[in-house]
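Asks: The residues making up each chain are set out below.
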Amino acid sequence: MSTLLTSDLLANIGRSAPPRKELVTRRDIRKYAIATGQRLEKYLAGDEAPPMFHVALFWNVVELEKLTPDGVSIDSLLPKFPLERAMAGGLKIDYYRAIFPGDVLVATRTLTDIYEKQGSQGPLIFYEVIMQVESESGERVLTEKTTRILR
Amino acid sequence: MSRIASIKPGDPLPEREFKPDNVQLFLYNAALWNAHRIHFDYPYATEVEGYPGLVIAGPLLGDWLTQCVIEWLGSDGELKSIEYSNRKAAYIGETLRSGGKVLSLERESGSVELELYIKNEADEVITPGVAVVSFPATQ
Chain A
1 MSTLLTSDLL
11 ANIGRSAPPR
21 KELVTRRDIR
31 KYAIATGQRL
41 EKYLAGDEAP
51 PMFHVALFWN
61 VVELEKLTPD
71 GVSIDSLLPK
81 FPLERAMAGG
91 LKIDYYRAIF
101 PGDVLVATRT
111 LTDIYEKQGS
121 QGPLIFYEVI
131 MQVESESGER
141 VLTEKTTRIL
151 R
Chain B
1 MSRIASIKPG
11 DPLPEREFKP
21 DNVQLFLYNA
31 ALWNAHRIHF
41 DYPYATEVEG
51 YPGLVIAGPL
61 LGDWLTQCVI
71 EWLGSDGELK
81 SIEYSNRKAA
91 YIGETLRSGG
101 KVLSLERESG
111 SVELELYIKN
121 EADEVITPGV
131 AVVSFPATQ
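In the order they appear, the protein sequences are chains A and B. Heads up: the first sequence begins at 1 in my numbering, then just goes up one per residue. Heads up: the second sequence begins at 1 in my numbering, then just goes up one per residue.
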């Protein structure tokens, strides 16, 4: 019944990007806290990271010439999809412990699902990416599941 | 005594108003290293992408949902999980509002489920969410 999802495309499910390791600094926490309008002193002082600080910590840092003309970096984890216009996305985060300055964290992203649904104006492709964030010693910090819809 | 003893379904979370401007959106995307033009290049956002203005970054709206929860929690409990979706875009110049309410709770385990939202000026929920928080269990 599915018309868009070839077996080659579905074979990408389970692919992981190389783990990325980042050092959490008080300065980066403070910048994130101010930019997001945090009001709790522990965040503004950089003593603890706000719950969504990891989004900034693990956003891909790419060189200028690797950005597309619209300023976006290409996610090498994703295959080329037959639909390309991104619609609303969703996020689910499970927290296991807070993040503090001095933490060295490791993030591993895996493409966990690709599926198709029929929308009111045509087919839609959904894909899910799970990012596991752990300490260097393997302690779980958080799990983030991103769902994106393409039309 | 755990604060969960005084919480009941339907209790509201305090609302907060947000008026994001160019400076805040610039600093947010700089903190991420996000160069997507729809967030800072007005002619590109409006003429090429067809948006009515500069687009507020989706994860920033998600962050505001987490702030709604953690400010309500104070030091009484912990955020265990949050789930949200960006259903409708928001633009520089709009006034947005975060808030929510208690959906359900289990006093024995200390678990509380919250419904969250970001609304626009038309009172539309543009970013709905659900969070689970944990308080010390009642004895």
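Some hints could be false.
In silico DSSO-like cross-links for lysine-lysine, where the CA-CA straight-line distance does not exceed 30 Å [stated by the list, open to error]:
#: 1; chain 1: B; residue 1: LYS101; chain 2: A; residue 2: LYS66
#: 2; chain 1: A; residue 1: LYS117; chain 2: B; residue 2: LYS19
#: 3; chain 1: A; residue 1: LYS66; chain 2: B; residue 2: LYS8
#: 4; chain 1: A; residue 1: LYS42; chain 2: B; residue 2: LYS119
#: 5; chain 1: A; residue 1: LYS21; chain 2: B; residue 2: LYS19
Label-pair ranges, simulated between beta-carbon atoms [stated by the list, open to error]:
#: 6; chain 1: B; residue 1: TRP33; chain 2: A; residue 2: SER120; range: 32 to 38 Å
#: 7; chain 1: B; residue 1: ALA5; chain 2: A; residue 2: MET87; range: 40 to 46 Å
#: 8; chain 1: A; residue 1: ASP113; chain 2: B; residue 2: THR46; range: 33 to 39 Å
#: 9; chain 1: B; residue 1: GLU47; chain 2: A; residue 2: LEU10; range: 46 to 52 Å
#: 10; chain 1: B; residue 1: GLY10; chain 2: A; residue 2: LEU67; range: 43 to 49 Å
#: 11; chain 1: B; residue 1: PRO136; chain 2: A; residue 2: ASP113; range: 24 to 30 Å
#: 12; chain 1: B; residue 1: GLY50; chain 2: A; residue 2: THR25; range: 22 to 28 Å
#: 13; chain 1: A; residue 1: ASP75; chain 2: B; residue 2: ALA5; range: 28 to 34 Å
#: 14; chain 1: B; residue 1: GLU47; chain 2: A; residue 2: GLU63; range: 36 to 42 Å
Calculated directly from the structure, the hints in this document are not laboratory data. All values derive from a computational prediction rather than experimental measurement. Don't be surprised by glycine CBs; every beta carbon is placed ideally from N, CA and C.
Asks: Has the hinted range 46 to 52 Å been met by the Cβ atoms of GLU47 of chain B and LEU10 of chain A?
Replies: Hint violated: Cβ distance 38 Å, outside 46 to 52 Å.
Asks: Is it true that the C-beta distance of TRP33 of chain B to SER120 of chain A lies inside 32 to 38 Å, as the hint says?
Replies: With Cβ atoms ~36 Å apart, the hint holds.
Asks: Starting from LYS42 of chain A, check that the Cα of LYS119 of chain B is at most 30 Å away, please.
Replies: Roughly 27 Å between the alpha carbons, so the hint for LYS42 of chain A and LYS119 of chain B holds.
Asks: Range first: 22 to 28 Å. Now tell me if the beta carbons of GLY50 of chain B and THR25 of chain A are that far apart.
Replies: Given range 22 to 28 Å: violated, Cβ gap about 39 Å.
Asks: Go ahead and decide if the range 36 to 42 Å is satisfied by the Cβ distance of GLU47 of chain B to GLU63 of chain A.
Replies: Check failed, 27 Å falls outside 36 to 42 Å.
Asks: CA of LYS21 of chain A to CA of LYS19 of chain B, is that 30 Å or under?
Replies: 34 Å, violated
Asks: Looking only at beta-carbon atoms, does the pair ASP113 of chain A, THR46 of chain B fall within the given range of 33 to 39 Å?
Replies: Given range 33 to 39 Å: holds, Cβ gap about 35 Å.
Asks: Look at the Cβ atoms of ASP75 of chain A and ALA5 of chain B and judge whether their distance stays inside 28 to 34 Å.
Replies: 46 Å, violated
Asks: Has the hinted range 43 to 49 Å been met by the Cβ atoms of GLY10 of chain B and LEU67 of chain A?
Replies: 47 Å, holds
Asks: Against the 30 Å threshold, does the CA-CA distance of LYS117 of chain A and LYS19 of chain B hold or violate the hint?
Replies: With a Cα-Cα distance of about 36 Å, the restraint between LYS117 of chain A and LYS19 of chain B is violated, given a limit of 30 Å.
Asks: LYS101 of chain B and LYS66 of chain A: Cα distance at most 30 Å?
Replies: 43 Å, violated
Asks: Holds or violated: the 40 to 46 Å window for the beta-carbon distance between ALA5 of chain B and MET87 of chain A?
Replies: 43 Å, holds
The structure does not agree with the numbered hints 1, 2, 3, 5, 9, 11, 12, 13 and 14 stated previously, though it agrees with the rest.
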